[in-house]
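8 protein chains.
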Amino acid sequence: MRTTQDTFHLAVPALDLDEAFAFYVTGLGCKLARRYGDRITLDFFGDQVVCHLSEKIDQEPELYPRHFGVTFHDREDWERLLRLARLRTLRFFAEPFHRFEGTAEEHRSFVLADPSNNLLEFKYYDDPRMMY
Amino acid sequence: MRTTQDTFHLAVPALDLDEAFAFYVTGLGCKLARRYGDRITLDFFGDQVVCHLSEKIDQEPELYPRHFGVTFHDREDWERLLRLARLRTLRFFAEPFHRFEGTAEEHRSFVLADPSNNLLEFKYYDDPRMMY
Amino acid sequence: MRTTQDTFHLAVPALDLDEAFAFYVTGLGCKLARRYGDRITLDFFGDQVVCHLSEKIDQEPELYPRHFGVTFHDREDWERLLRLARLRTLRFFAEPFHRFEGTAEEHRSFVLADPSNNLLEFKYYDDPRMMY
Amino acid sequence: MRTTQDTFHLAVPALDLDEAFAFYVTGLGCKLARRYGDRITLDFFGDQVVCHLSEKIDQEPELYPRHFGVTFHDREDWERLLRLARLRTLRFFAEPFHRFEGTAEEHRSFVLADPSNNLLEFKYYDDPRMMY
Amino acid sequence: MRTTQDTFHLAVPALDLDEAFAFYVTGLGCKLARRYGDRITLDFFGDQVVCHLSEKIDQEPELYPRHFGVTFHDREDWERLLRLARLRTLRFFAEPFHRFEGTAEEHRSFVLADPSNNLLEFKYYDDPRMMY
Amino acid sequence: MRTTQDTFHLAVPALDLDEAFAFYVTGLGCKLARRYGDRITLDFFGDQVVCHLSEKIDQEPELYPRHFGVTFHDREDWERLLRLARLRTLRFFAEPFHRFEGTAEEHRSFVLADPSNNLLEFKYYDDPRMMY
Amino acid sequence: MRTTQDTFHLAVPALDLDEAFAFYVTGLGCKLARRYGDRITLDFFGDQVVCHLSEKIDQEPELYPRHFGVTFHDREDWERLLRLARLRTLRFFAEPFHRFEGTAEEHRSFVLADPSNNLLEFKYYDDPRMMY
Amino acid sequence: MRTTQDTFHLAVPALDLDEAFAFYVTGLGCKLARRYGDRITLDFFGDQVVCHLSEKIDQEPELYPRHFGVTFHDREDWERLLRLARLRTLRFFAEPFHRFEGTAEEHRSFVLADPSNNLLEFKYYDDPRMMY
Numbered sequence: 001m002r003t004t005q006d007t008f009h010l011a012v013p014a015l016d017l018d019e020a021f022a023f024y025v026t027g028l029g030c031k032l033a034r035r036y037g038d039r040i041t042l043d044f045f046g047d048q049v050v051c052h053l054s055e056k057i058d059q060e061p062e063l064y065p066r067h068f069g070v071t072f073h074d075r076e077d078w079e080r081l082l083r084l085a086r087l088r089t090l091r092f093f094a095e096p097f098h099r100f101e102g103t104a105e106e107h108r109s110f111v112l113a114d115p116s117n118n119l120l121e122f123k124y125y126d127d128p129r130m131m132y
Numbered sequence: 001m002r003t004t005q006d007t008f009h010l011a012v013p014a015l016d017l018d019e020a021f022a023f024y025v026t027g028l029g030c031k032l033a034r035r036y037g038d039r040i041t042l043d044f045f046g047d048q049v050v051c052h053l054s055e056k057i058d059q060e061p062e063l064y065p066r067h068f069g070v071t072f073h074d075r076e077d078w079e080r081l082l083r084l085a086r087l088r089t090l091r092f093f094a095e096p097f098h099r100f101e102g103t104a105e106e107h108r109s110f111v112l113a114d115p116s117n118n119l120l121e122f123k124y125y126d127d128p129r130m131m132y
Numbered sequence: 001m002r003t004t005q006d007t008f009h010l011a012v013p014a015l016d017l018d019e020a021f022a023f024y025v026t027g028l029g030c031k032l033a034r035r036y037g038d039r040i041t042l043d044f045f046g047d048q049v050v051c052h053l054s055e056k057i058d059q060e061p062e063l064y065p066r067h068f069g070v071t072f073h074d075r076e077d078w079e080r081l082l083r084l085a086r087l088r089t090l091r092f093f094a095e096p097f098h099r100f101e102g103t104a105e106e107h108r109s110f111v112l113a114d115p116s117n118n119l120l121e122f123k124y125y126d127d128p129r130m131m132y
Numbered sequence: 001m002r003t004t005q006d007t008f009h010l011a012v013p014a015l016d017l018d019e020a021f022a023f024y025v026t027g028l029g030c031k032l033a034r035r036y037g038d039r040i041t042l043d044f045f046g047d048q049v050v051c052h053l054s055e056k057i058d059q060e061p062e063l064y065p066r067h068f069g070v071t072f073h074d075r076e077d078w079e080r081l082l083r084l085a086r087l088r089t090l091r092f093f094a095e096p097f098h099r100f101e102g103t104a105e106e107h108r109s110f111v112l113a114d115p116s117n118n119l120l121e122f123k124y125y126d127d128p129r130m131m132y
Numbered sequence: 001m002r003t004t005q006d007t008f009h010l011a012v013p014a015l016d017l018d019e020a021f022a023f024y025v026t027g028l029g030c031k032l033a034r035r036y037g038d039r040i041t042l043d044f045f046g047d048q049v050v051c052h053l054s055e056k057i058d059q060e061p062e063l064y065p066r067h068f069g070v071t072f073h074d075r076e077d078w079e080r081l082l083r084l085a086r087l088r089t090l091r092f093f094a095e096p097f098h099r100f101e102g103t104a105e106e107h108r109s110f111v112l113a114d115p116s117n118n119l120l121e122f123k124y125y126d127d128p129r130m131m132y
Numbered sequence: 001m002r003t004t005q006d007t008f009h010l011a012v013p014a015l016d017l018d019e020a021f022a023f024y025v026t027g028l029g030c031k032l033a034r035r036y037g038d039r040i041t042l043d044f045f046g047d048q049v050v051c052h053l054s055e056k057i058d059q060e061p062e063l064y065p066r067h068f069g070v071t072f073h074d075r076e077d078w079e080r081l082l083r084l085a086r087l088r089t090l091r092f093f094a095e096p097f098h099r100f101e102g103t104a105e106e107h108r109s110f111v112l113a114d115p116s117n118n119l120l121e122f123k124y125y126d127d128p129r130m131m132y
Numbered sequence: 001m002r003t004t005q006d007t008f009h010l011a012v013p014a015l016d017l018d019e020a021f022a023f024y025v026t027g028l029g030c031k032l033a034r035r036y037g038d039r040i041t042l043d044f045f046g047d048q049v050v051c052h053l054s055e056k057i058d059q060e061p062e063l064y065p066r067h068f069g070v071t072f073h074d075r076e077d078w079e080r081l082l083r084l085a086r087l088r089t090l091r092f093f094a095e096p097f098h099r100f101e102g103t104a105e106e107h108r109s110f111v112l113a114d115p116s117n118n119l120l121e122f123k124y125y126d127d128p129r130m131m132y
Numbered sequence: 001m002r003t004t005q006d007t008f009h010l011a012v013p014a015l016d017l018d019e020a021f022a023f024y025v026t027g028l029g030c031k032l033a034r035r036y037g038d039r040i041t042l043d044f045f046g047d048q049v050v051c052h053l054s055e056k057i058d059q060e061p062e063l064y065p066r067h068f069g070v071t072f073h074d075r076e077d078w079e080r081l082l083r084l085a086r087l088r089t090l091r092f093f094a095e096p097f098h099r100f101e102g103t104a105e106e107h108r109s110f111v112l113a114d115p116s117n118n119l120l121e122f123k124y125y126d127d128p129r130m131m132y
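Keeping their order, the protein sequence lines are chains G, X, E, R, B, U, D and L. Under full-length UniProt numbering, the first residue of the first sequence is numbered 1, with each subsequent residue one higher. Under full-length UniProt numbering, the first residue of the second sequence is numbered 1, with each subsequent residue one higher. Under full-length UniProt numbering, the first residue of the third sequence is numbered 1, with each subsequent residue one higher. Under full-length UniProt numbering, the first residue of the fourth sequence is numbered 1, with each subsequent residue one higher. Under full-length UniProt numbering, the first residue of the fifth sequence is numbered 1, with each subsequent residue one higher. Under full-length UniProt numbering, the first residue of the sixth sequence is numbered 1, with each subsequent residue one higher. Under full-length UniProt numbering, the first residue of the seventh sequence is numbered 1, with each subsequent residue one higher. Under full-length UniProt numbering, the first residue of the eighth sequence is numbered 1, with each subsequent residue one higher.
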């Protein structure tokens, strides 16, 4: 377990800030920290994501090499987020899948896409030492 | 202060994994968690950054809309990282600057570039409530 | 999880400080921090509630727009408090109910009334990310 | 120091949700957790405040018996919030004052008023054991 | 949950320091912090107990008004200690009993006696809010 | 630093529960958890002290072998308590003194007496490793 | 539970740093902190192990008197590490065994050998108070 | 900062358990957890060191490749331990020295020798990120 006062921050492009708000706050349940004319800043699972108004989005997003998300320590947190994403009909880029079965790196994952095609992967490892 | 068992993770492209290792581990002092043929995974200030072997890098990087980094709660942590970056001659994309003076959002920042042109911003706010 | 040294504080009216003591300390199991002629201060589930001697109470209390309480992270804590309220025959303004079923905001709640008609709501959400 | 997973919650009336947003989020730097047609929910210094659309506001607010706020453990956090309130020209109901000097309960305080006349008191005690 | 850097300390009489060591360290599994000619200091479940060489012991100990011990948050910790006391045949002043059944203060308890007749009570409450 | 959910508890005699309340709550700033006809229970610096109505008090108290108190990690916490004890004119059994100077066990201490002659020692060690 | 900012460190010999890397990082899942010509430094379950290039290894290792490892608080963490060691075919010096059954010190253990014959013991006690 | 329930453990040889006790407990201020005929177990700065009765000690100890110790996060903790080692005239294998000046790895260190020639290094890095 980690006790931290520092915050990871990630800046990503957003074509439209209202859509970004709808996806991250109303949809994903993140908290809005600040709103300016050209960006919104979010408390994203305890770290910070900033959506900058920009046209430089990925037209045809692929999972590699760019995506972000959260690796949960507890499986029930991963399942709750999956349930929330279904209940609120967020856009799935990849349905839940099971990867690397039979190895220490075995994990479960699903991938969402925000309205500007940023990809968000949420994972759970059976062995939490593999989270890094 | 936050106590967390979950990990933010970010995937970015790397043209060369040895160069990525040299920048993040030998340079920036991050810890290498795993190394595979196509990627390295890093404990990046307590969260996870994964460098995926890829040619899709930014040829002409700009700070907006894509970058990532850490916002430090304590100024001395920001200054220690700046000192380390100078001592180890990491590549600066932007020298330290002071922004939004005289407002609550006042902060200090500098920006590094990794060997694949990913931009890393490190910040410190006078008022830690503005970190999000 | 949050680590905090700061305290939320809430001041509410009380017609009679002995009655307030009987409800909050003897009944609800809060701790008395200080007692003065015109108020008592309470450690209310880790935050502070102050009961000020005052005649400005709500004669016909309604749940909206004014009430306060605790949202528990763990269901068993909510159930223990419900059991304590029943064992000690505290006054229920609303019996336990189930709200927003089938949505992410689904939660359980009950509402107590203190002797000065202040309403206290105690909740538990299936998805703790909805606590805010 | 307290480690908590539970959340204090307080519901207060708001004549206008946009004004409430402007005061609490844009002004005071709280995070917006959720927005519905009839209320907004806020992460208020780690606890929850909900602003319910309502006309039942105090026309002539007085500090007693109803107000709420935060007692800070560290003086610099109290001073930072005071600085933010001045920089962003929030409405002061009471300018900073020094109370109970020469006693153990000695503290500093100031009081803000939100657009619906809810009063918010922010305090700092020289002896943190007096926070309750 | 509490995060603390401070230590409760309790001084009690001991007729014989070797016997005290045998009971507290070899028996109860406490850690010896320091040993002087006239006392031993112990890390007693995270707090400090000091056994001072003295003849002023209770010849006919009674549970009231003087005893000390630990109230465990988790039942399994209470049961583990009970098991250890049985395995190591520590002296029971009172066998495990169930008290205040059907009330919020319901708890389980057992009492040990150290070689100098100091009484140690170990408790577990069904509702941890009753620990104080 | 210790994170604990368990509570040390100590039972001591009190000739008069109102006097005990006056000393521990009104004087020393401890919180009253529960009050019964024959005892009061206190949150004493995060642990529990119970004052049992009893005539078995020490008529001529001595510091050894029985006393209890708190060893503070931070000197300013020790000094704040000393200041509070002076401001509220609590009864000193021993004025502040400096002990074991020039050794690792060097510390500062003062001793209060409650109305039933229980002795309370409050200490601060220059080297916090000596707290046990 | 312990909150710590300090790090235990242990230096051990390694005949070959690549082999040490293969065992500790690729095998055991520790993180590489730094690599120099004559040593690698590892984040070993939160503490630090340093492998120094050296020929002074034990040719015929025995468990006593020199070995190191981790005692896990939770049995599932011990079992996950055992599963990882099997999946990645690390070298077992001693297969899992059960020791001191029927005593308070009862525990489970297994022992691995690194490529330079350093022995690593991983344990789990039924009663976590016996971890020391 | 790390929150941990697990314990690093290290076994080292000791020619004589009373001497080991004198060095580690009476000298270094570690806590004795358990004593058996063939070993003592110690709470060594929060982790576990076990001294096993053995004749396999190093006759001519060298700092590399085998030693152990603690890297302190705060300089004052390192200085307090140095002061304690001097006051209690523990055996220094290496007087305090300053190493790698002008680099990020800059640190201060001193080395003690226990009565069985095990070497203990205590360090402090100016940049705590270099502790691993």
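Check before you lean on any hint, since a few could be wrong.
[Unchecked claim] Simulated crosslink set (EDC-like; lysine to aspartate or glutamate; CA at most 20 Å straight-line): (1) L:56 <-> D:55; (2) B:56 <-> U:55; (3) R:56 <-> E:95; (4) X:56 <-> G:74; (5) U:56 <-> B:60; (6) X:56 <-> X:38.
These are calculated hints, taken from the structure and not from any lab test. Source: prediction; values computed, not measured.
Tested hints:
Among the hinted pairs, residue 56 of chain L with residue 55 of chain D is consistent with the structure: their alpha-carbon atoms are about 18 Å apart, no more than 20 Å. For the given pair, residue 56 of chain B sits about 18 Å from residue 55 of chain U by alpha-carbon distance, which is consistent with the 20 Å threshold. Pair hint residue 56 of chain R plus residue 95 of chain E does not hold up; C-alpha atoms about 25 Å apart against a cutoff of 20 Å. At most 20 Å may separate the alpha-carbon atoms for a hinted pair to count; residue 56 of chain X and residue 74 of chain G exceed this at roughly 33 Å.
A C-alpha spacing of about 13 Å is found between residue 56 of chain U and residue 60 of chain B, which places the hinted pair at or below 20 Å, so the restraint holds. Using a Cα cut-off of 20 Å, the hinted pair residue 56 of chain X and residue 38 of chain X holds, with the two alpha carbons roughly 14 Å apart.
The structure does not agree with the numbered hints 3 and 4 stated previously, though it agrees with the rest.
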